[in-house]
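Residue numbers (the numbering used here), protein chains in the order written: chain A, 1 to 265; chain B, 266 to 470; chain C, 471 to 675.
Don't read these hints as lab results, they were simulated from the structure.
Here the structure is a predicted model, which means the values were calculated and not measured.
Incorrect hints may have been included.
Distance ranges between label pairs, derived from CB positions [said to hold, decoys possible]:
1. B:Gly297 / C:Gly531: 31 to 39 Å
2. A:Asp45 / C:Ala499: 46 to 54 Å
3. A:Ser88 / B:Ser450: 40 to 48 Å
4. B:Arg305 / C:Arg630: 48 to 56 Å
Beyond 10 Å from chain C on every Cβ pair, some chain A residues (computed) [said to hold, decoys possible]:
5. Tyr85
6. Leu186
7. Glu205
8. Pro212
9. Lys219
10. Gly245
Glycine residues also receive a C-beta, built at the ideal position from the N, C-alpha and C atoms.
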Amino acid sequence: MSDFDAPFMFPEATKPDAGALYLELDGWEGPLDLLLDLARRQKVDLRQISILALVDQYLTYIERAGAMRLELAADYLVMAAWLAYLKSAMLLPKDQQEDPSPEELALRLQLRLQRLGAMREAAARLMARDRIGRDVFVRGTPEGLRTDRKTVWRSDIFSVIQAYGQVKARTAPRIYHVANRPVMTLDSALERVSAMLGVTLEWMEIRDFLPPHASPELKRSALASSFVAALELAKRGRAELDQDGAFTPLRIRRLKESVAHGLGA
Amino acid sequence: MSEPGTLERAVEATLFASEAPMTIDALAAHLGGIAPGEVREALAALAAHYLQRGVHLVERGGRWHFETAPDLAHLLRREKEQVRRLSRAATEVLAIIAYHEPVSRAEIESIRGVQTSAGTLDVLMEAGWIRLAGRREVPGRPVIYATTPEFLDHFGLASRRDLPGIDELRAAGLLDPVDDAFEASMRFDPDEAEEADEHGANLPD
Amino acid sequence: MSEPGTLERAVEATLFASEAPMTIDALAAHLGGIAPGEVREALAALAAHYLQRGVHLVERGGRWHFETAPDLAHLLRREKEQVRRLSRAATEVLAIIAYHEPVSRAEIESIRGVQTSAGTLDVLMEAGWIRLAGRREVPGRPVIYATTPEFLDHFGLASRRDLPGIDELRAAGLLDPVDDAFEASMRFDPDEAEEADEHGANLPD
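So that you can see chain A by itself, here it is in the shape it has in the complex (with noise of 0.2 Å):
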């Protein structure tokens, strides 16, 4: 909606109170509407419509109106000052002019007539036509078409027996057989290098702590087992390890003092 629009835009037409101003303007739905009934009293194509005639006739019924002393609705008052307005533009001489020009302003008032009043009369022949429940009728009862969904299911034979195997996979008890791997607990380490360093003061290679015999497994398994007792005799305080670089032999020896601490500790 344009800024044009917006005097025209009134509250739709309330029902009448005892107000006796709506005896007389209850048949218009807002100005425009009387506007455009007072154009079709011209009797003319709302295109060859005199708007000048239309503003003197608008002008005056509302002054009637007012001279019977009813109270006028603003927007009603609204419309007739704009109008008045209009008119004494399109009374001047040309050349006194602003923009936008009187007819311009005329213009859109008439197009805008027109349009409603197109509008009125589409509505009047929709009206009209033959209606379902009025002129024309759909059948009193129809039966009603019903669909009623079926569903068919469908499986065969080798899904079944195979679900059932796989239930029984699921659910079957499991044994779990551990194998027996040759190791050396870090509890049998510990006590092994304690044991050992007992014996020397010297530094020993911790190789010297594996048992000579062993399969190759249980060496793997003798020295990480020897080495975390080294770490941990050493954390106690009753050894030292020494390694000359990456890689390189790792030494141990006794610490002389630990004797006191005991293996407790």
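Got chain A; can you put chains B and C on it based on the hints?
Coordinates of chains B and C only, in the frame set by chain A:
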């Protein structure tokens, strides 16, 4: 009299029994996957057959149904089934929506020159004749309205092209906004036209 | 084709639109005081005309109305069959019932190791493959289930003894750890996997 074909009879029975108008696709599906083209042919044969009878087969917005012949209206009119009498405001709003759809409330109001009370659109919605048709992608994103298939049905229109006088109205530019019509008739510089708007708005204050 | 007379068309439209069957007198009165004899003639002409159509004009206890031709009655209630594959959960339950019948729900659950939704058993009942087979005479008297002759039929079994035993299942690799078997089944039947959740009973709506 030539005997009706099997499909013709099936379509006839289905539409007689249906509680609502049916599209060709719905008919085809209901009849167990008949080709829509065959259904269309059967409908054409049926419509021709019923043309001279007391009941007509009609298409409304792509949906088909039987209804009593319009020329028998005087015999059938019933008080108890009187259709709801619409207020003048409601009939105008309905016409504006039908001829301009989709259209926003502000656009309706600019044509009518009065505000539209909320109840007016509600009445039309409740009757099932108009529906919300999304939003206009302009500032404020106003809701826009359009008519429904039930509207075409109720007023006996095969499609919106059958709206009385719509072609003439369109040709006369009476379905164009005032601004467009104004510019067309003034062949005016649009900038000046905008200025004119502003002045127009300020004058009556 | 002879054109129907005015009265015939009026009677046709009136009966079409009427919400209840009408007697000849009611029709005569509705049509503005036509002689009942004329109405009777119109009805006879109409009934003859509709005899070969999809809709018939019939008299029931002195009242006339239109109804669907008897040979097309099936169009009013159409059954739409939808073929669906049994979900994984339902297949498992069915297999357990087949192998262990008669079996209670609690027993099924203890064999499957998961809870069984009521819908799963409903689906199998609906499919006609299992039936209630009484109650187990233990505390709580739980319902027990067994397979039906339709089950044997559908799965092509002469009797339940045709079901492969555990040893055969093992030999066929069907007792392999679930992961392997599951993957094998994925390759075998992709759409099964989609339904593989516990609630996959897929109740019809």
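Evaluation of the provided hints:
A hinted range of 31 to 39 Å for the beta carbons of Gly297 of chain B and Gly531 of chain C is consistent with their spacing of about 35 Å. Checked against the hint of 46 to 54 Å, the C-beta distance between Asp45 of chain A and Ala499 of chain C comes to roughly 50 Å, which is consistent with it. For Ser88 of chain A paired with Ser450 of chain B, a C-beta distance near 24 Å fails the hint of 40 to 48 Å. The supplied range of 48 to 56 Å is met by Arg305 of chain B and Arg630 of chain C, whose beta-carbon atoms lie about 54 Å from each other.
No Cβ of chain C approaches the Cβ of Tyr85 of chain A within 10 Å, the least distance being about 58 Å, so the stated non-interface status holds. With 10 Å as the threshold on Cβ separation, the claim that Leu186 of chain A sits away from chain C holds: the shortest Cβ distance comes to roughly 34 Å. The Cβ of Glu205 of chain A lies farther than 10 Å from every Cβ of chain C, with a closest approach of about 47 Å, so its non-interface assignment holds. With a cut of 10 Å on Cβ distances, Pro212 of chain A stays outside the contact zone with chain C, its closest approach being about 44 Å.
For Lys219 of chain A, the non-interface assignment is confirmed: its Cβ lies about 35 Å from the closest Cβ of chain C, beyond the 10 Å cut-off. For Gly245 of chain A, the non-interface assignment is confirmed: its Cβ lies about 48 Å from the closest Cβ of chain C, beyond the 10 Å cut-off.
Of the numbered hints given earlier, the model fails hint 3 alone.
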